[in-house]
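Student: Residue numbers (the numbering used here), protein chains in the order written: chain A, 1 to 286; chain B, 1001 to 1131; chain C, 2001 to 2134.
Please note: incorrect hints may appear among the correct ones.
[Unchecked claim] Here are the simulated DSS-like pairs of lysine-lysine, each with C-alpha atoms no more than 27 Å apart in a straight line:
#1 B/Lys1108 / A/Lys225
#2 A/Lys283 / A/Lys263
#3 C/Lys2093 / C/Lys2110
#4 A/Lys104 / A/Lys145
#5 B/Lys1108 / B/Lys1008
#6 A/Lys225 / A/Lys263
#7 A/Lys225 / C/Lys2093
#8 C/Lys2134 / A/Lys145
#9 A/Lys104 / C/Lys2110
#10 C/Lys2134 / C/Lys2110
#11 C/Lys2134 / A/Lys225
[Unchecked claim] Coverage of chain B stretches by chain A, computed from C-beta distances (three or more under 8 Å per stretch; other residues unrestricted):
#12 1019–1026
#13 1030–1039
#14 1071–1084
Keep in mind that the hints were calculated from the coordinates and are not lab data.
Just so it is clear, the structure is predicted and the values come from calculations on it, not from any experiment.
Ideal placement from N, C-alpha and C gives every residue a C-beta, glycine not left out.
Here is how the chains run, residue by residue.
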Amino acid sequence: MPEARATQLNQLIRDRERDILAEWIALQTSSVVSRRDLISESERGQQSLEFLAALRLALAESDRFDPTMPAWGSVRDLLSHVSESRARQGFSPSETATFVFSLKQPLFNVLQSAISDSGVLAREAWTMTTVLDQLGLFTTEVYQKSRESVILRQQQEMLELSTPVVTLWNGVLALPLIGTLDSARTAVVMENLLQRIVESGASIAILDITGVPTVDTLVAQHLLKTVAAARLMGADCIISGIRPQIAQTIVHLGVDLNSVTTKATLADAFAVALRRAGLGIAKVAA
Amino acid sequence: MERIPILKMGDCLLVSIQVDMHDRLAMQLQDDLTTRIAETAARGVLIDISALEMVDSFIGRMLGNIAAMSRVLDAQTVVVGMRPAVAITLVELGMSLPGVRTALNIEKGMELLAASMGAPGGAGVNGSAVD
Amino acid sequence: MVLLSTDQLPLERDDHIVIVRQTVRQRAVALGFSLVDQTKIVTAASELARNTIQHGGGGSALVESVNDGARRGLRLTFEDCGPGIPDIALAMKDGYTTAGGLGLGLSGAKRLSNEFSIASVIGQGTRVVITRWK
């Protein structure tokens, strides 16, 4: 646990800033994980300069070298910014953490040359290494979280792209569902469908599950939820694309589809929809 | 205390809920509607909830009750205008309002009412006999 | 966990339920929740607020906007000093009701939230905490 005590670190950093910066940047660019293809030298230089300055200030202001404390807020913000941009640029987590860890050597060199008392040197070196370790780990955590949010966003976009709603005729919508129907997908399907019902004034929606590989109790529940939500808005649903195996599974599972009309094919469902809408298809006299 | 206004249009009653109702107001509406249906021998009730940003189990139950009570009084009820977010939430909550007929908006609701009111069993009856 | 805002609201009369709904809605909007997520947490709040009044004999609601470092969310705490719930598992079953309601309050609120916890002591009271993350 970091204790409250004075440190010479911040003064040393101020006095030897130029040297530390130069050595640090050199280490970063010469390391095997420097990834010069992904980041410009000026950007790297700028980030290093700002980080060193923020680190110095935090060391000066706080007597507790605990990077989770408020005094270290701007250091954390800076690291978050660096970490997030590195994540976007395509750096790996360790490549990103190297930004912090490679500062250890220059700082240790400076401490060694300035402090002769071995006891004091050991204490200062220990403080420095503990602080940078925590900051390095923090960098990795921020990196993880920002990658996760990128993945989440991409998943969302994929979901939205894969659930189109088609207008088959006035007042009749069709949803060809393709792929697994999990709760995240169902949520997107429901929102899209209901939105289209409002926009088009449709009163019938055909949910086609030809492209849904498996129908288990959960999938059935998701379908029934979608049907229920559409009905609350005045639209009836027809479920089509029920393969014989699916029909067997549904009966086997004891799923109650009594309130929903079901058809084997989209074409059959469309015919039912037209009948309900009081429409028919007639041959045009030659 | 404030009440939700009930309009009479022919032999239909029209209610448009515009406020975030507290429970007592909802119960009052239930009572008022039932009374008016009986008083006016209305054959249809249209409840417009397009302004409601939320329907919880209490309001859901109120709507179900109104539909059931009107049926006993030989009137059809249609609830119109439920918002998508509300429908999604209501289903997740576990309510599907089984005895309640629904339509997208007032226009479609009136069409639905007209169709169901014109059905046999209701033809030509407005309470009073011919002479 | 950082607290971005706190609202402590009484729950003694049924018009307090409306105030809780409106406060929760405002905070959800301020946090940038989607419309569906707003509606879900407002509805869950309405159910739990009503429970507090009808079953708990009245109590309070705490509405907190929070930030746990990675995401922002809305945490609601409903507390009463009522009789407590003897069998929580039973109370959480859909359709179980002791007040002529629909029995969907607790289970429904759980389904509408990302996190749900309930603690109850007979003769002392009940606390329900739900959270929705953005």
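Student: Are the hints correct? Go through all of them and say.
Tutor: Against the structure, the hints come out as follows:
{"no.": "1", "hint": "B/Lys1108 / A/Lys225", "result": "23 Å, holds"}
{"no.": "2", "hint": "A/Lys283 / A/Lys263", "result": "24 Å, holds"}
{"no.": "3", "hint": "C/Lys2093 / C/Lys2110", "result": "11 Å, holds"}
{"no.": "4", "hint": "A/Lys104 / A/Lys145", "result": "25 Å, holds"}
{"no.": "5", "hint": "B/Lys1108 / B/Lys1008", "result": "18 Å, holds"}
{"no.": "6", "hint": "A/Lys225 / A/Lys263", "result": "18 Å, holds"}
{"no.": "7", "hint": "A/Lys225 / C/Lys2093", "result": "19 Å, holds"}
{"no.": "8", "hint": "C/Lys2134 / A/Lys145", "result": "14 Å, holds"}
{"no.": "9", "hint": "A/Lys104 / C/Lys2110", "result": "49 Å, violated"}
{"no.": "10", "hint": "C/Lys2134 / C/Lys2110", "result": "16 Å, holds"}
{"no.": "11", "hint": "C/Lys2134 / A/Lys225", "result": "23 Å, holds"}
{"no.": "12", "hint": "1019–1026", "result": "violated (count 0)"}
{"no.": "13", "hint": "1030–1039", "result": "violated (count 0)"}
{"no.": "14", "hint": "1071–1084", "result": "holds (count 3)"}
The structure fails to meet hints 9, 12, 13 from the earlier list, while all remaining hints are met.
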